[in-house]
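Following the hints, complete the assembly by docking chain B onto the known chain A.
Number of protein chains: 2
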Amino acid sequence: MAPQYKLTYFDVTGVAEACRYLFNYGGIEFEDVRIKSENWPQLKDKTPFGVLPILEHNGKVVGQSLAINRYLAKKVKLAGNNDWENLEIDAMVDTISDLRPKLLPIVKEQDESKKKAAIETVKKDTFDVYLPRLEAAVQKNNGYLVLGRLTWADFYFATISPAYDLTIREDVLAKYPNLKALREKVNALPAIKKWLEVRPKSTF
Amino acid sequence: MAPQYKLTYFDVTGVAEACRYLFNYGGIEFEDVRIKSENWPQLKDKTPFGVLPILEHNGKVVGQSLAINRYLAKKVKLAGNNDWENLEIDAMVDTISDLRPKLLPIVKEQDESKKKAAIETVKKDTFDVYLPRLEAAVQKNNGYLVLGRLTWADFYFATISPAYDLTIREDVLAKYPNLKALREKVNALPAIKKWLEVRPKSTF
Chain A
1 MAPQYKLTYF
11 DVTGVAEACR
21 YLFNYGGIEF
31 EDVRIKSENW
41 PQLKDKTPFG
51 VLPILEHNGK
61 VVGQSLAINR
71 YLAKKVKLAG
81 NNDWENLEID
91 AMVDTISDLR
101 PKLLPIVKEQ
111 DESKKKAAIE
121 TVKKDTFDVY
131 LPRLEAAVQK
141 NNGYLVLGRL
151 TWADFYFATI
161 SPAYDLTIRE
171 DVLAKYPNLK
181 ALREKVNALP
191 AIKKWLEVRP
201 KSTF
Chain B
1 MAPQYKLTYF
11 DVTGVAEACR
21 YLFNYGGIEF
31 EDVRIKSENW
41 PQLKDKTPFG
51 VLPILEHNGK
61 VVGQSLAINR
71 YLAKKVKLAG
81 NNDWENLEID
91 AMVDTISDLR
101 PKLLPIVKEQ
111 DESKKKAAIE
121 TVKKDTFDVY
131 LPRLEAAVQK
141 NNGYLVLGRL
151 TWADFYFATI
161 SPAYDLTIRE
171 DVLAKYPNLK
181 ALREKVNALP
191 AIKKWLEVRP
201 KSTF
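Protein chains in written order, with UniProt numbering: chain A, 1 to 204; chain B, 1 to 204.
So that you can see chain A by itself, here it is in the shape it has in the complex (with noise of 0.2 Å):
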């Protein structure tokens, strides 16, 4: 039998990372599509809003990349278990989104002292600011982001940070041992090893 999802992003890990994770930890299949940047133009009007990653199942196409999360975590079992933990999910990890638009201007910056510039201000009001917080909560959850136990809260942080690094230029989490720590728990959990041997090999 076909996958009955189908996920489509580009050949990077980048925000549909966490998706792939959700998946392979719970053991649904799905059908991992990858599009070719030359390929996306071609693509991109028969999306609902000209974005990836999307996700269809069942005849139906929906996007956005948490919102996808938040559903794969309550099928695997990653999700609160009423309400008010399932806002302490979401809202760490629309905190951990918040950091992302706050790299966009290291990476649109072509000139390179200009850039250098633009990472050690990003350090101080971005990381210095939201990573000894989330050091903080990990400290206080039992190694995990919230609620003391794991959750796609953690799976998201694991497959986002690494691009911090990329973009900062430096091990961003050398300084927090409990967030690095929860990245390497969450790789190690036997499906998502599994995943990470067998999956394309690409850049963020």
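One thing to keep in mind: the hints can contain errors.
Because identical chains cannot be distinguished in the list, a pair is counted as satisfied if it fits within a single copy or across any two copies.
[Claimed, not checked] With a straight-line cut-off of 16 Å between C-alpha atoms, the simulated EDC-like cross-links for lysine to aspartate or glutamate are:
{"#": "1", "residue 1": "Lys44", "residue 2": "Asp125"}
{"#": "2", "residue 1": "Lys194", "residue 2": "Glu29"}
{"#": "3", "residue 1": "Lys102", "residue 2": "Glu120"}
{"#": "4", "residue 1": "Lys115", "residue 2": "Glu170"}
{"#": "5", "residue 1": "Lys60", "residue 2": "Asp83"}
{"#": "6", "residue 1": "Lys201", "residue 2": "Asp32"}
{"#": "7", "residue 1": "Lys102", "residue 2": "Asp125"}
{"#": "8", "residue 1": "Lys60", "residue 2": "Glu85"}
{"#": "9", "residue 1": "Lys74", "residue 2": "Glu85"}
{"#": "10", "residue 1": "Lys108", "residue 2": "Glu120"}
{"#": "11", "residue 1": "Lys123", "residue 2": "Asp165"}
{"#": "12", "residue 1": "Lys6", "residue 2": "Asp32"}
Think of the hints as simulated: they come from the structure by calculation, not from any bench. Only a predicted model underlies this, so the values are computations on that prediction, with no experimental measurement involved.
Only chain B this time, still in chain A's reference frame:
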């Protein structure tokens, strides 16, 4: 009895107004705390991640407006009836949310002629892409954004979209009668109509 929920935000509608709509719609009492800009620096470091809104309930505090909306929507029966329906709502909300940061180049630009150019760019690259698709969604969904019925996605759109006009300096929905009717329909709900009459006068 004191309200069980305390919502803290600035004295504007902004991203917290959908939360206020949901409280009112469901007849849930809440403390509507509005921080004046001059008092924000003292409070900032006492919030979980230095941002507002925050929701306090049962001695706990969480941030992130969309997470709070989703939680409240479940309480007041404006969420989906199953996981897939919630995915459809979440994807719509995140799509509308994606639009907001695209307005920032306009807001940040001080030079009037450059600001006008930025407005034209956003109209062409963002509104002309998103709004026809949202309009088609409402047309297809019985006058609502998703699921053919009122959901918290409609509240989110109704509360966020007035800021578009302010930023773009025109009636952005003029060309989109279904979206305009949706906003008016939400604002005409008895509990919302009453809220609009009594809420503090504030800018977006």
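Comparing the hints with the structure gives:
In the homo-oligomer, the alpha carbons of Lys44 and Asp125 lie at most 16 Å apart only across protomers (14 Å), although the nearest pairing inside one protomer, at 35 Å, exceeds that limit. Proximity of Lys194 to Glu29 under the C-alpha cut-off of 16 Å is restricted to the intra-copy arrangement: shortest distance 14 Å within a copy versus 49 Å between copies. Within a single copy, Lys102 and Glu120 get their C-alpha atoms as close as 12 Å, which meets the 16 Å cut-off; across copies the closest is 24 Å, which misses it. In this assembly of identical chains, the alpha carbons of Lys115 and Glu170 lie at most 16 Å apart only when taken from the same copy (14 Å versus 36 Å across copies).
In this homomeric assembly, Lys60 and Asp83 come within 16 Å of each other (Cα to Cα) only across copies, at 14 Å, whereas the closest approach inside a single copy is 26 Å. Proximity of Lys201 and Asp32 under a CA criterion of 16 Å is satisfied intra-copy only: 13 Å inside one chain copy versus 50 Å between copies. Proximity of Lys102 to Asp125 under the C-alpha cut-off of 16 Å is restricted to the intra-copy arrangement: shortest distance 9 Å within a copy versus 21 Å between copies. For a Cα distance limit of 16 Å, the shortest separation of Lys60 from Glu85 across copies, 11 Å, qualifies, whereas the shortest one inside one copy, 28 Å, does not.
In this assembly of identical chains, Lys74 and Glu85 lie within 16 Å of each other by CA distance both inside one copy and across copies; the values are 12 Å within and 13 Å between. In this homomeric assembly, Lys108 and Glu120 come within 16 Å of each other (Cα to Cα) only inside a single copy, at 15 Å, whereas the closest approach across copies is 21 Å. Taking CA atoms no more than 16 Å apart as the test, Lys123 paired with Asp165 passes inside one copy only; the shortest distance there is 11 Å, against 35 Å between copies. With identical chains, the CA atoms of Lys6 and Asp32 are at most 16 Å apart within one copy only, with a shortest distance of 6 Å there and 43 Å across copies.
Checked against the numbered hints above, the structure violates none of them.
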